[in-house]
Amino acid sequence: MTGDDLLTIARRVAGRARDGEQVEAYVVRTRDTDVEVFGGQVESLTTASVEGVGVRVISGGRQGLAWAGSLAPDVIDETLTEARDNAEFGQPDEWVGLATLADVNGAAVPHLDLWREDLESIPTEAKVRIALDLERATKDADPRIRNVESASYGDALAESALANSLGVESRNRRTTCSASAVALADDGSGTQTGYGFVAGRTVSELDLDSIPRDAATRACRLLGARPVPGRRIPVILDPLVTRSVLGVLSSAFNGESMLKGRSLFAGRVGEQIGAPVVQLIDDPTDARALGATPFDGDGVPTRHNALVVDGVMQGFLHNVYTGRRSGSGTTASATRGLGSAPGVGVRALRLEPGAKSPEEIMVAAGEALYVQSVSGLHSGTNPISGDFSVGAEGLMVRAGAFAEPVREVTIASTLQRMLLDITEVGSDLTFLPGAVAGMTVLIGEMTMSGA
Amino acid sequence: MTVSLLDHDVLQATLDHALRGGGDFAEVFVEDRRSSSGRFDDGRIEELVSGHDRGAGLRVVRGDTTGFAHTADLSPAGLRNAAEAAAGAARGAGGASRTVGLADRSEHPLDAGVVAPETVDKHRKVEVLARADAAAREGGSAISSVAAGYADARRRILVANSDGLLADDDRVRTRISVQVVATGDTGMQSAHEAPGRTMGFELFDRIDPEDVGRRAAQRALTLLEAVPAPSGRIPVVLKRGAGGVLFHEACGHGLEADHILKDASVFKDQIGAAVASPLVTLVDDGGYGQEWGTLAIDDEGHPAQRNVLIDNGVLTDYMWDIVRARKEGRAPSGNGRRETYRHLPMPRMTNTFLLEGATEPDAIIRSVDFGIYCVQLGGGQVDPATGDFVFGITEAYLIEKGEITRPIRAAQLVGNGPDVLRMVDAVGNDFDTWTGMCGKQGQSVPVSSGQPTVLVREMTVGGTAA
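Here the protein sequences come in this chain order: A and D. If you're matching positions, the first sequence starts at 1 in the numbering used here and goes up one per residue. If you're matching positions, the second sequence starts at 1 in the numbering used here and goes up one per residue.
Here chain A stands alone, though its shape is the one from the complex (with noise of 0.2 Å):
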């Protein structure tokens, strides 16, 4: 391990650029804690630190990378050559090149607080305590519930630092905790889970009293859920499912998506795509977003953007390489890992919370299907064709109150179709881990399967 900042070891690199090549370095440190507590003792606690570095050369219009988990500076100059070499067995791309400065000048740079000094000085036993407390809180929040099956605490302190031989250089860090609990509940009927976790900055940005609450809630209330009879209904999701869904749909308004022929909006800009009530935004320079960030994986000032409003398509994401090639310049939207060049993505995408709370659309809703949880996001649907079927659990809702628990029922519609078909959007606006934020949304109509 070295105690060099990364900033400095980026630039290193970057400063080996020669004559015709361009060069950029990415350097991370993350730092650890992980902690899971089973049956009133640690099962496991982790403490751990990774260090690595992603390279990239450019020359001649060709692109070659390499990344190494480690900072030692023989491995970074083993790194270097191996992104030169592959570079060699690139393809000239006319569009291919790093951020510039001109890319960034002009862009204010966010001014974002996402470090809490206060979460290194807390000592490992209290992340141990919250775990343990966490289960026992679990278990003793409603009878029914006859185990926990997971409890735990985590947290990161991650840095990150980027130079390129152009110039361009920025500096990130951040801090992330959270904490989760999953609840067996049994009354006879069969067993149910419930899933219940939070996520902030530091340990007291943790409503921690929430999870054994939810968890326990979550569990009990899907007690005796049976497949109810296929039929096409009202369908609301939960906070957490919206937050999924979105997270599908968002490679739709991918400027390389687009692009490359493979965006189910492409050429739809302009045009009505979802309800009037739709507004979309990704908004990293949103200090409340956990994915919240000041400089993307380009380097780039990140910035709001607004991708549909009032149901209307304003645009695509874009890194500086779709910019240029779409002629729309970057949205400062780089996703960016150690071994990849830059991808397009969102960081935090949030729909505008409406005036209704998740209550009154209970009541808005008539008889309708809530969806708690979805299973096979990935598997059977296709973010290119729009196809949507997935598994689901929850509850049937009547008169605006909860009714008898379903489950091994599947929800399917397309894309497309959802997004016209969102007749409320609500105004429990919900961060959470990951680049989505949720709310609770209602589906006018949907297709269940079901007994």
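A portion of the hints provided could be inaccurate.
Unchecked claim - Here are the in silico distance ranges between beta carbons for each label pair:
1) D/Lys268 / A/Pro433: 26 to 32 Å
2) D/Ala142 / A/Arg231: 33 to 39 Å
3) A/Ser427 / D/Glu118: 55 to 61 Å
4) A/Phe402 / D/Asp269: 29 to 35 Å
5) A/Asp5 / D/Gly442: 28 to 34 Å
Hints were generated in silico from the structure; no laboratory data involved. The model shown is predicted, which means the values in this text are computed figures rather than measured ones. By construction, the Cβ of each residue, glycine as well, lies at the ideal position given by its N, Cα and C atoms.
Position chain D relative to chain A; hints supplied.
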């Protein structure tokens, strides 16, 4: 490339250090992984990527608690620091220290005939992609987008533990994937084909890149003609190979010992019970051929073995790693796997197969009046505590009056593991395997699944057709 990741003395000293403050079990897991990948998109090679990751994971078990630390620093000092961190996390203070005596190393070098990726000219890897791309584009003007990927990885591991075990392994995996989008009057459809094996570049003596591209293209074109999938409970026939993932989800995960010991599996306390149709014999076999999930030793140093999980419908055993096996006072079953040295091992499947039956596949299809015939599945998901599972179909057809008729669009199938196992009404005399990545608790490992043609009496198909 040398296979000795660390020498005997350093490993022994690290284990001794890990147990200095007491502890029931200690392990050093060392990994060196080199990978390369290429992406061919939009008719050109977009990028080649090389990766190198190397480090060690140290764990110390004391009572029910596992302390874990990992490091990219393989110097004796780096390993000592990680051992201390793991011991500290396991509350190692107190108890007697121990000295470990390591056995002679059990070695598993690359098999003869494996063409190691680092010996292959990168031009040849690019060429494979170009061939797959060109073949897919031969599908005609309806083919609107082709993306092909190549990936190989050589993973060398070394495991030493306080029971004296010392073993290494050297594995190479190679995979090619092609995604094709076809555009027609009904919009866009996409299809995917991604075979992989525990092999080197000689994979392409067995798998023709053109064939992979053509199959993906043909599937996308077929889907353009697809009708909406039915909605409701109907018979489901799974073509050989395609449905292995059904058993992976319907019962495989529920037979992993961690779920059992947490009382979070519907298969707990069912050993000896008839849990499936008598036609069902299910094995997990990490030593089978050169499948995607094949290994010489698991990630705890235990040799891969063939485990019969369900024998003619009767549940015979679960899948075990070291920690869960120690709790039960039994031997592990070669199912302790981890994604990298940064992850803790847990019980995982390897190659999970439903064994062949006696029925002709054609007879199975002819026996169905109205149902669906699944040719390719897109993966699935299960809640082992309830047994409820799903899997997605990515190529399937209607069966009408015993004949395969029209293709249907993507849809989800849902079922309950114990229910579906009992509804296996026919098992064919054919067999094939499927390549996939299995995700569990944030860790992804290569697995294969396999089965003959199978008839499930009834499952819920989540289409949109009335």
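Each hint, compared with the structure:
1. Checked against the hint of 26 to 32 Å, the pair D/Lys268 and A/Pro433 passes, with Cβ atoms roughly 31 Å apart.
2. Taking 33 to 39 Å as the suggested C-beta distance range, the pair D/Ala142 and A/Arg231 conforms, at roughly 35 Å.
3. Here the CB-CB span from A/Ser427 to D/Glu118 is close to 57 Å, well matched to the stated 55 to 61 Å.
4. A hinted range of 29 to 35 Å for the beta carbons of A/Phe402 and D/Asp269 is consistent with their spacing of about 33 Å.
5. Against the hinted window of 28 to 34 Å, the Cβ-Cβ separation of A/Asp5 and D/Gly442 comes to about 30 Å, which satisfies the hint.
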